[in-house]
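Listed here are the chains, written in short residue letters.
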Amino acid sequence: MNLQEFQAKRIFGQYGIPVPQGEVATTPAEAAAIAARIGGPVVVKSQVLVGGRGKAGGIKLAQTPAEAEAVAARILGMTIKGLTVKKVLVDPAADIRKELYLGFVLDRARRRVALMASSEGGVDIEEVAAHTPEKILTVAVDPCLGLKEYQARGLGLGIGLPKEQWGAFAKICQGLYDCYMSCDASLAEINPLALLGDGTLRALDGKMAIDDSALFRHPELAAMRDEDDETPEERTARLNGLSYVKLDGQIGCMVNGAGLAMATMDIIKFYGGAPANFLDVGGGAKADKVAAALRIILSDPNVKAVLFNIFGGITRGDEVARGILTALKEVPTQVPMVVRLVGTNYEEGRAILAEAQMATAETLAEAAQMAVAAAKGA
Amino acid sequence: MSILVNKDTRLLVQGITGREGAFHTEQMIAYGTPVVAGVTPGKGGGWFKPSGVGNTPIFDSVHEAVNATGANVSIIYVPAKFAPDAILEAADAGLPLIVCITEGIPALDMLKVRAYLDTTSSRLIGPNCPGLITPGEAKVGIMPGHIHTRGRVGLVSRSGTLTYEVVYALTLRGIGQSTAVGIGGDPINGTSFVDVLKLFEKDPETEQVVMIGEIGGTDEEKAAEFIGAQMIKPVTAFIAGQTAPPGKRMGHAGAIISGGKGTAADKIAALQAARVRVARHPGEIAELVAALM
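As given, the protein sequences belong to chains A and B, one line each in that order.
Here the first sequence stands for residues 0 to 377, numbered as in numbering that gives the first Met the number 0.
Here the second sequence stands for residues 0 to 292, numbered as in numbering that gives the first Met the number 0.
Certain hints may be false.
[Said to hold, decoys possible] Examples of chain B residues lying across from chain A (beta carbon under 10 Å, computed): (1) L110; (2) S158; (3) E164; (4) P186; (5) G259.
[To be verified] Each pair of labels, with its calculated beta carbon distance range: (6) H62/B <-> T332/A: 52 to 60 Å; (7) T118/B <-> A72/A: 53 to 61 Å; (8) T118/B <-> P40/A: 50 to 58 Å; (9) T118/B <-> E229/A: 18 to 26 Å; (10) G45/B <-> G166/A: 57 to 65 Å.
Keep in mind that the hints were calculated from the coordinates and are not lab data.
Backbone N, C-alpha and C define an ideal beta-carbon position, used for all residues, glycine too.
Turn these sequences into a full structure, and let the hints guide you.
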């Protein structure tokens, strides 16, 4: 789960990281009032969970409250990469001397939490990684020892920070590490970490992603989920315990197991079709879950055919077949369906489906070809 | 021969009285796996008695169970909240092999668990995995036993049902398996592709290996490096997620292309450079394997 900038910075502040004292507005008038309270120039920042907000015109400076109101009026309601801006953060404008990058991530290969720092802040760190990887310094943190001061100091030195700032920099690194670990984050990033005209450091932007598996022990973070950042389909999927990712193709897929679901998408592509989604219906494939999944798939107007691929391991094929038929009664549709059932009790399952005039396939390759043909109206 | 589990396996089940644990224990016993003990704290002294398939003593702690029964492998079915503790308890009791089926363990918990395990001699398979099976000898996991046949192809995979798909296709062609190992779909796990490939390379019963990877991480790239440098036995691979968009988690916590890394194309290129035959779709895996028989 990704947090909005204002949420991330609020949390960073709780860990002693210096952040701008801004506030969130949902109307232009509120933005003007916040700007008046701050006094002096402000920056009005759209709060949507996508990168490239600045380039899209979603971040603007304003010199006066009146200007802040006008700018907020333009930004609120604008669409950035498909998401409508419903909130803006109004922060005091900063006198930036230098922009740095600081971020914690999980380094899978080393099996450590890694701290990355760069003198090239303020731009997309993936761009820096692609073009000037030598400008990103990384230290791995031992989970038993935690981040040590020499590591943070070494990074400060490495990115060319004047020695007067090493102490403050190390404190920010430590705060961000504590924040990362305490919140079960998978990403905690400050970009830019600005060196200001007065020689102090401030986290001007913040990004955090929380490990979904750990949300059970962070109800306060789970409550920060912004439903505006989910499509209704993603929301339904999440509430029904389904993994769903919408894609651009025409063939809806319902599969049990994440690896098999990806492989099913791949084989559709191999035979000249395009998957409309990734959907892992999980174990059991009970009728209510299948129905919820089918509703989500069919809510996509691009879907011209649906492919079910269920490997009934412990799950019984006849149960799955009944689940599909029950689901179809609840969600009637003209979209052609192809079902491929294998594993335990698959003969019974196929018989049940055949009786209901459903197209069944023996192998995955055959099922994929049938679905591709059906989607093309053959 | 085979790897990791066989007829000498003496299996202990942590979380044997839970819904999942009880169901799958019954399945494992029915397959013929020697299940010697169960552990559920607070239910020690009782018996696990599924209908007509044996009678397994239940203990309060893994230590007790190991001392009383000589268990040498543990399988864990406890919920994600308690699973890290269960893994550590099994390692503390000195079990050489621990298999964790549980899905949804927080990554930072696994980070600490793995760091601790590295200081012990225990090997962890998983978490978030289907387990492993040596057909005809021991099923230590949740895979459907009946699709497997005894043979000489070793399988290692990050996924569950996709592995069943491949095993089933092999079995239908009359190609048996030595051992099939599911290493799990989480970003931090106990055993990597390379760890299992090493074991297959040494196992006299295994003649060739199938490796099923997916997008995310760099485990497949490391495997490619190992295969190229140190393996003689032929390897056939498939990478799931060739059509997956970057930045989206595809079900498994570990299946995500992030920062431009972990794409299927990178992994396939690395494997091909190591002379691994990479199937274009899952249906092709069994064909490529059969061509080598």
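Please verify that hint: L110/B, Cβ, nearest Cβ of chain A, below 10 Å or not.
-> 5 Å, holds
Status of the hint placing G259/B at chain A (closest C-beta pair under 10 Å) = 6 Å, holds
Supplied distance hint 52 to 60 Å, evaluated on CB atoms of H62/B and T332/A = Hint holds: Cβ distance 57 Å, inside 52 to 60 Å.
Check the following: the C-beta atoms of T118/B and A72/A are separated by a distance inside 53 to 61 Å.
-> 60 Å, holds
Status of the given 18 to 26 Å range, CB of E229/A versus CB of T118/B = Since T118/B and E229/A have Cβ atoms about 42 Å apart, the given range 18 to 26 Å is violated.
Would you settle whether the hint for E164/B is holds or violated, based on the nearest Cβ-Cβ distance to chain A being less than 10 Å?
-> With Cβ-Cβ at 6 Å, under 10 Å, it holds.
Is 57 to 65 Å a correct range for the gap between the Cβ atoms of G45/B and G166/A?
-> Check passed, 59 Å falls within 57 to 65 Å.
So, S158/B near chain A? Judge it on the closest CB pair being under 10 Å.
-> 2 Å, holds
Distance restraint hint 50 to 58 Å, applied to the beta-carbon atoms of T118/B and P40/A = 55 Å, holds
At a threshold of 10 Å, is the proposed contact between P186/B and chain A supported by beta-carbon distances?
-> Because about 5 Å separates P186/B from the closest Cβ in chain A, which is inside the 10 Å limit, the hint holds.
Violated hints amount to a single one, hint 9; each of the other numbered hints is respected by the structure.
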